[in-house]
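4 protein chains.
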Amino acid sequence: MSRLETFADGVFAVAATLLIFTVDQHVPDPADLAHAWTSYLAYATSFVTIGIMWMNHHQLMTQIGRVDRRFMVATIGLLMCIAFVPFPTRLLAEHIRDSGGRDAALAYGFTMVCTAICFSAVWFYGRAQLLRPDADPRVVKGISRSYLPGIPIYLAATLVAFASPVASAILFLAIAGLYIFEASAFGGGTES
Amino acid sequence: MSRLETFADGVFAVAATLLIFTVDQHVPDPADLAHAWTSYLAYATSFVTIGIMWMNHHQLMTQIGRVDRRFMVATIGLLMCIAFVPFPTRLLAEHIRDSGGRDAALAYGFTMVCTAICFSAVWFYGRAQLLRPDADPRVVKGISRSYLPGIPIYLAATLVAFASPVASAILFLAIAGLYIFEASAFGGGTES
Amino acid sequence: MSRLETFADGVFAVAATLLIFTVDQHVPDPADLAHAWTSYLAYATSFVTIGIMWMNHHQLMTQIGRVDRRFMVATIGLLMCIAFVPFPTRLLAEHIRDSGGRDAALAYGFTMVCTAICFSAVWFYGRAQLLRPDADPRVVKGISRSYLPGIPIYLAATLVAFASPVASAILFLAIAGLYIFEASAFGGGTES
Amino acid sequence: MSRLETFADGVFAVAATLLIFTVDQHVPDPADLAHAWTSYLAYATSFVTIGIMWMNHHQLMTQIGRVDRRFMVATIGLLMCIAFVPFPTRLLAEHIRDSGGRDAALAYGFTMVCTAICFSAVWFYGRAQLLRPDADPRVVKGISRSYLPGIPIYLAATLVAFASPVASAILFLAIAGLYIFEASAFGGGTES
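Protein chains in written order, with numbering that gives the first Met the number 0: chain R, 0 to 191; chain X, 0 to 191; chain V, 0 to 191; chain H, 0 to 191.
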């Protein structure tokens, strides 16, 4: 099990760190620093989102007692989505203010919806088959309750792109902010 | 032994995450999103293939009791192949539909054949010299049986490229799908 | 707690290693090797700075007994700054000698100030809430004392850029050198 | 100590995996596959060299009982050299056959000499101050004996570049091959 976590932590960490290319490619020259604020927001949104997902994966794994090959395959699917995030992040940063904004926001949102689906698949399979004998029922219930809204929330924010790509991007930012607020305000739970 | 696994997990995770450049370089602009489906398929094929190889490496190491320098050298050879995968993946994604498709499919297949050879070298050396005293004979036999077909299967899929690069690429995708199906359908084995 | 460290170590290691692109993009050809000394200095300055920060994070974590979600969020904020470092490093290396030098030095310094703020936030929250029962009071006091000057020192070096970008860059280099000297001269403390 | 190894393993793994950009940038198109053999050789040489260095670092750490800040600083210096390797590798691969070959070979060799110096600094400081009480004297003597020739060997291969860059590059390849042969032929030592 610890090696699954090492591999997963590696993909989370590399995907988050590669996000810097979003900014780096958008700002070839210091003269562009002030105009590239969409890059900084996109970088921060995706970094925080991947960071929160890492936290959720960490919490999820504390309740899992053993790992089978199906669980590994589902985790690989989840990591495939996480590693994809830098690509739509760059598209969104570069094109939110031009005619490509709608497609960029759709690509970003679609990636997030897929990630949320994979997260639920990993969790609900793990909960059904691989739970620790001494798993904390309240934590298990809490995770289940917090995962369910992820899919419709990201789906709604994605569909908003048909009306307004900018509103969609603001919603992606707001979701990340909401997760941080939730973790900071109520997240006093101790984890060893 | 744990450090060999940390290093290996690092290379597996970084190589898998770098695959996103395949898509990122192929789609500079949201207008290209719809036409770049070969990139998405190539990304998914290689990500899943590296992920399955990571799973196999993980399973292999559970049966190995100690590590010597020859085993490390063989593992470095294996990792050299794994880290190479993003390159032919990009070639295949970009050129499968033009005149470079045959060479791209050959490069991809050749990389996979080399990887399969290195995997077998790691395993059969480890099985002969470094097996845990309490290794599970059924698992050992199962690994040996599952590794042997890898080389001829990838070799056959590679040679198909001389007749049809597209058919060869579909076979690479099918092999990855088959591995997932195998792991999902029969893979109920518990691993701690 | 160990997974937080794995994730953090991953981001530190990847961010440090990605710094090589600063040099790689600046020197397309061996003929440019001699003129690109600003790249080598920038690479070394940022690599050492990230390395020292990793050491500090390592030392900090030895005094922390448990981790809660707020601490994780603060750590994600810190890592977001660390992963950002390769971008202003490249700007500084390429533009310190042209008219973009001032903005590049400001971007570099601003990143360092943010990093120092996040480091203090992680530490002072951790010290207040999550300290090990058996934390060494002298080490705790030593960390607190060594963190406080970080923010004003980097802020001062940043503001110097308004007068002279080159002087600002030299100060960034000097700060990194000072940290090394401090660690080498007085750093005989054993850590397991 | 384990965190120093996690960080080091991360840098080794990322630096090795980034070497693929040497090949990827040199071969934009499948039509160039056959002509880019210098890239494949450079990739293999540097990957194996970094892999062997990882093995040596692994062996070195088995004899070290504790870590102090000076040892960490020396290790950061070593990792700064390791992370630098992808850059001269690309220069060598692209320019060994043109007029930039000499400078490229000098850059590659200089990086290797610096790496060998840092390796010796890490080891001889660690041997003097931080050895495990139960360190194996034969292993300690063996490491010392195997590290000393590294600096003059790489220095000699580097200086050959003034006469012939190609001969110098062949020597770099031969050194990597020699290390593999040594590890394979005599390297039956068990490591847990």
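Calculated directly from the structure, the hints in this document are not laboratory data.
Just to be clear, a hint being listed does not mean it is correct.
Same chains, same names: a pair is fine if it fits in one copy or spans any two.
[Unchecked claim] Restricting the straight-line Cα-Cα distance to at most 25 Å, the calculated cross-link-like pairs of lysine to any residue (SDA-like) are:
hint, residue 1, residue 2
1, K140, L154
2, K140, L3
3, K140, Q24
4, K140, A33
5, K140, S98
6, K140, Y39
7, K140, G99
8, K140, V159
9, K140, C113
10, K140, R101
11, K140, C117
12, K140, D67
13, K140, A30
14, K140, W36
All of these numbers come straight from a predicted model, not from anything done at the bench.
Next on the checklist: Could you work out which of the previously given hints the structure breaks and list their numbers from low to high?
Outcome noted: Structure breaks hints 3, 4, 5, 6, 7, 8, 10, 13, 14.
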